[in-house]
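Q: The whole structure should be built from the sequences, with the hints applied where relevant.
Each chain, letter by letter, is given below.
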Amino acid sequence: MMALAAIMLIWGAGWTINLMLARRGGNGVGWMAPLVFGLTILLIWEVYVRLAGVSPIILPPPSAIAVTFSDSLPLLWADFAQTILKGAMTGYVLGAIAAFAIAVLADRSDFLMRGILPVGGFMAALPIVGTAPIFVKWLGSDWPSKAAVVGVMVFFPILVNTVAGLRDTTTMQRDLMRTYGAGYWPTLLKLRLPAALPFIFNGLKIATTLALIGAIVAEFFGSPTVGMGFRISTSVGQLALDLVWAEIVVAALAGSAFYGVMAWIEGRLTFWHPSQRT
Amino acid sequence: MKSVLPVVSVVAFLLVVWIVSVVPMNIHLAADQAARGDVAVQPDDARARQEVGAVALALRNPAVIPMTYTLDRPRLPGPQQVVGELWNTVFMVSPTSRQSLIYHGWVTLSATLLGFAMGTALGIALAVGIVFSRTMDLSVMPWAIASQTIPILALAPMIIVVMGAIGIQGLLPKAIISAYLSFFPVVVGMVKGLRSPDAMQLDLLRTYHAGPAQGFWKLRLPASVPYLFASLKIGISASLVGAIVGELPTGARAGFGARMLVGDQYGQPLVTWAALFAAAITAAALVGLFALMERITLRRMGMAA
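So the sequence lines, in the order shown, correspond to chains A and B. The first sequence begins at 1 in the numbering used here and counts up one residue at a time. The second sequence begins at 279 in the numbering used here and counts up one residue at a time.
No lab work stands behind these hints: they were computed from the structure. Check the hints yourself; a few may be wrong.
FRET-style restraints, in silico, Cβ to Cβ [claimed, not checked]: (1) A/L75 / B/Q546: 30 to 36 angstroms; (2) A/M20 / B/M581: 36 to 42 angstroms; (3) A/G237 / B/D322: 45 to 51 angstroms; (4) B/S388 / A/W77: 37 to 43 angstroms; (5) A/T171 / B/A424: 48 to 54 angstroms; (6) B/A563 / A/L19: 44 to 50 angstroms; (7) A/G183 / B/V298: 33 to 39 angstroms; (8) A/L139 / B/A312: 38 to 44 angstroms; (9) A/P274 / B/Y544: 32 to 38 angstroms; (10) A/S55 / B/A399: 26 to 32 angstroms; (11) A/L19 / B/Y544: 57 to 63 angstroms; (12) A/V93 / B/I574: 39 to 45 angstroms.
Predicted, not measured: the structure shown is a model, and the values here were computed from it. Quick reminder that beta carbons are idealized off the backbone N, C-alpha and C, glycines included.
A: Rendered as structure tokens:
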């Protein structure tokens, strides 16, 4: 009863602040309102767990998760290095390079392009993460098998987007290049690749989340005794859910940072595109 | 129609790569098996064979090459083995049997569909709220967008265990994972769609003296349908992945994820491969179904591309 009253009170307060923020408008509302909303949720979570007597084993309060997070920083860092830096990053880079190379090669033949677009789009919708047990069997349980899963997962979205992007020039633009006497390579480098960049970055941004998912889920099928997926599945088994939540915080931070970096590079490289103008 | 031949060519190429790869992937296993079966293999000693590269071993023992396609526990099964396993476990056993992929498929599919329905309904409701309330837009929308950049699938094992601890098992925990995976794409897509009518169209409705409700039903909702279908296609495949991953870490006994894990742990690669392909076919069928519904709906609404 008391828990319910406290939750209603916090929710009301948070929502009122946001109502006022929304009505006032102006600078800073764009980040203040979501911040207030997030803090309200965290506060309700904390108060609910404490007042309603929820077992901390089932739902640890945010404060306990924060304590676990700061206490197990070395452990979290080791898991982060194993899963994200070794598994996800290696796979992401290899998959992106392979997809990009094949897209540029296939781009020379209209026949290949028309074949690759539907097949690639179809493959991107399949549950590729299920190939994890096969790669673990082939490449062992350490990070190379995770990198392979990630590579295959990120390959198709990047391929499809690059292929679509390379076709995104108008006849007028290509004709202009021809009047300059530009051959295949100058046209590719000076017109078609720059024009494809917004598409390529769209693929690269979609792939950031996929890379993390692939690296984490592949560890459920076998891993050395380090890694975020390993830690999540074993800690869940031991009901050490505060550590699981800490790993999820790491995954969320890593995912946002990875996406943010790609979006930042995109902004620097495609500043001319309408979507980047403010 | 004109893309049929290119697509068939690309698929045929992939198939040829697969068939050719079977030989080097399995040749060591096949040579060991042949040696045990008193067939002369070059080199004769098992340890010496490990030193020889896969292609060299295949070239020195051409007689062993056919065996690479018929191993019981291959590293890479031939396509005909995977198709055979699929055929046997789909059509040759009763659908209620634990051997049947139809049984396992239904376990996964029911959770997927239930979760997808919940996630889509909630997503549409939230999108409507976001479009009509500036406060909700400001406070919730950034989180919905940010959720696309984080691997929320990592929450799956915990949801299963926590719900198991409070006595909820079976379908519902997996459905909840599917629901939150399909929820965010639907929210983001629907908000985009409900906002897609331009100022001119909104002004026209204003000159008709249409209220917000009429504007919603007669303009915003119809305009959002193409966006909704795009989100549904993303959401349904995310839901299926969610249901499969939900079966992994807790040792579920039924479902595609359970079959993959069983094949992996008991050294039956064909079981894993068949489950993987069955999951892929299911995903393709679901996405295809929504693509078909999209085409029919858009054509009847006069929006066919």
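Q: Run every hint past the structure and note whether it holds.
A: Against the structure, the hints come out as follows:
no. : hint                                : in the structure
1   : A/L75 / B/Q546: 30 to 36 angstroms  : holds, 35 angstroms
2   : A/M20 / B/M581: 36 to 42 angstroms  : holds, 40 angstroms
3   : A/G237 / B/D322: 45 to 51 angstroms : holds, 47 angstroms
4   : B/S388 / A/W77: 37 to 43 angstroms  : holds, 41 angstroms
5   : A/T171 / B/A424: 48 to 54 angstroms : violated, 40 angstroms
6   : B/A563 / A/L19: 44 to 50 angstroms  : holds, 46 angstroms
7   : A/G183 / B/V298: 33 to 39 angstroms : holds, 35 angstroms
8   : A/L139 / B/A312: 38 to 44 angstroms : violated, 26 angstroms
9   : A/P274 / B/Y544: 32 to 38 angstroms : violated, 55 angstroms
10  : A/S55 / B/A399: 26 to 32 angstroms  : holds, 31 angstroms
11  : A/L19 / B/Y544: 57 to 63 angstroms  : holds, 58 angstroms
12  : A/V93 / B/I574: 39 to 45 angstroms  : holds, 42 angstroms
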